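If you read the protein sequences in the order shown, they are chains X and S.
Each residue of the first sequence is one higher than the last, beginning at 2 in my numbering.
Each residue of the second sequence is one higher than the last, beginning at -17 in my numbering.
Please note that the accuracy of each hint is not assured.
[Unchecked claim] Derived Cβ-Cβ restraints for the label pairs, each shown as a range:
#1 X/55 with S/23: 31 to 37 Å
#2 S/-13 with X/86: 23 to 29 Å
#3 S/-1 with X/11: 22 to 28 Å
#4 X/63 with S/61: 43 to 49 Å
#5 X/11 with S/50: 37 to 43 Å
#6 S/35 with X/86: 39 to 45 Å
#7 S/34 with X/86: 50 to 56 Å
#8 X/17 with S/44: 26 to 32 Å
[Claimed, not checked] Simulated pairs of lysine to aspartate or glutamate, EDC-like, Cα-Cα distance not exceeding 20 Å:
#9 S/31 with X/101
#10 S/4 with S/36
#11 X/58 with X/21
#12 S/51 with X/101
#13 X/58 with S/77
#14 S/31 with S/-3
#15 S/40 with X/101
#16 S/31 with X/100
#17 S/51 with S/67
#18 S/4 with S/67
#19 X/58 with X/69
#20 S/4 with S/-10
#21 S/51 with S/77
#22 X/16 with X/86
#23 S/31 with S/77
[Unchecked claim] Part of the chain X face toward chain S, derived, beta carbon under 8 Å:
#24 46
#25 49
#26 51
#27 52
#28 57
#29 102
#30 104
#31 108
#32 109
#33 110
Just so you know, these hints were derived from the structure itself, not from any lab.
Just so we're clear, the structure is a prediction, and the values are computed from it rather than from any experiment.
Note that the Cβ used here is the ideal one computed from N, Cα and C, for glycine as well.
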Amino acid sequence: GAGVSQSPSNKVTEKGKDVELRCDPISGHTALYWYRQSLGQGLEFLIYFQGNSAPDKSGLPSDRFSAERTGGSVSTLTIQRTQQEDSAVYLCASSVTGEDNQPQHFGDGTRLSIL
Amino acid sequence: AQSVAQPEDQVNVAEGNPLTVKCTYSVSGNPYLFWYVQYPNRGLQFLLKYITGDNLVKGSYGFEAEFNKSQTSFHLKKPSALVSDSALYFCAVRDIERQLTFGSGTQLTVLP
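Throw the hints in and build the complete structure from the sequences for me.
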């Protein structure tokens, strides 16, 4: 497709389980971002990939969270030993480059519910 | 640290009336400012941006925003609201050293 694709759209899992969330950015976009959107709140930056550079992990809330981007395209966000406070919508975005004036294009998100 | 404030959680306006969604920001350098809109169960869609130049920026769906440096504001406006404009609106700011920082969002409801 032409837009950012995220899967699954919804994920329900038990506390303590690991989850993987996938993001397919727009073809040709070198920059990729992950955000977390909790109910009634704005977006919280998690991690940023730009080309082959080392990712900016400054937003990851704990060492249970990690992400990788293979081949400069698809990205996976992994949450280990999930906790109830991890319940949120996880949004992925991409942009043509990582330059500051570039708008970001968002996927529809993965709604994660931890029981 | 950079920050964005959207002082109104909720804005209601009658269809056909002008609308304003407020945003103020704080950055250490020159700001890059953005407005995004989010419809239910969807990701954010880019509306418009201010980088430099004219203080009045025009964007998608008839929206515009005015950059005011002295008041550090970037309010979103539309001359005539539509029911279909009802959505959650986010202001965001970025300066050259940092990632995009979003406001907490403003729920716009346009009443028929």
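Against the structure, the hints come out as follows:
{"no.": "1", "hint": "X/55 with S/23: 31 to 37 Å", "verdict": "holds, 34 Å"}
{"no.": "2", "hint": "S/-13 with X/86: 23 to 29 Å", "verdict": "holds, 25 Å"}
{"no.": "3", "hint": "S/-1 with X/11: 22 to 28 Å", "verdict": "violated, 37 Å"}
{"no.": "4", "hint": "X/63 with S/61: 43 to 49 Å", "verdict": "holds, 46 Å"}
{"no.": "5", "hint": "X/11 with S/50: 37 to 43 Å", "verdict": "holds, 41 Å"}
{"no.": "6", "hint": "S/35 with X/86: 39 to 45 Å", "verdict": "holds, 43 Å"}
{"no.": "7", "hint": "S/34 with X/86: 50 to 56 Å", "verdict": "violated, 40 Å"}
{"no.": "8", "hint": "X/17 with S/44: 26 to 32 Å", "verdict": "violated, 49 Å"}
{"no.": "9", "hint": "S/31 with X/101", "verdict": "holds, 11 Å"}
{"no.": "10", "hint": "S/4 with S/36", "verdict": "holds, 19 Å"}
{"no.": "11", "hint": "X/58 with X/21", "verdict": "holds, 17 Å"}
{"no.": "12", "hint": "S/51 with X/101", "verdict": "holds, 19 Å"}
{"no.": "13", "hint": "X/58 with S/77", "verdict": "holds, 18 Å"}
{"no.": "14", "hint": "S/31 with S/-3", "verdict": "violated, 25 Å"}
{"no.": "15", "hint": "S/40 with X/101", "verdict": "holds, 19 Å"}
{"no.": "16", "hint": "S/31 with X/100", "verdict": "holds, 13 Å"}
{"no.": "17", "hint": "S/51 with S/67", "verdict": "violated, 27 Å"}
{"no.": "18", "hint": "S/4 with S/67", "verdict": "holds, 16 Å"}
{"no.": "19", "hint": "X/58 with X/69", "verdict": "holds, 11 Å"}
{"no.": "20", "hint": "S/4 with S/-10", "verdict": "holds, 7 Å"}
{"no.": "21", "hint": "S/51 with S/77", "verdict": "holds, 14 Å"}
{"no.": "22", "hint": "X/16 with X/86", "verdict": "holds, 10 Å"}
{"no.": "23", "hint": "S/31 with S/77", "verdict": "holds, 13 Å"}
{"no.": "24", "hint": "46", "verdict": "holds, 5 Å"}
{"no.": "25", "hint": "49", "verdict": "holds, 6 Å"}
{"no.": "26", "hint": "51", "verdict": "violated, 11 Å"}
{"no.": "27", "hint": "52", "verdict": "violated, 16 Å"}
{"no.": "28", "hint": "57", "verdict": "holds, 7 Å"}
{"no.": "29", "hint": "102", "verdict": "holds, 5 Å"}
{"no.": "30", "hint": "104", "verdict": "holds, 4 Å"}
{"no.": "31", "hint": "108", "verdict": "holds, 5 Å"}
{"no.": "32", "hint": "109", "verdict": "holds, 5 Å"}
{"no.": "33", "hint": "110", "verdict": "holds, 6 Å"}
Checked against the numbered hints listed earlier, the structure breaks hints 3, 7, 8, 14, 17, 26 and 27; every other hint is satisfied.
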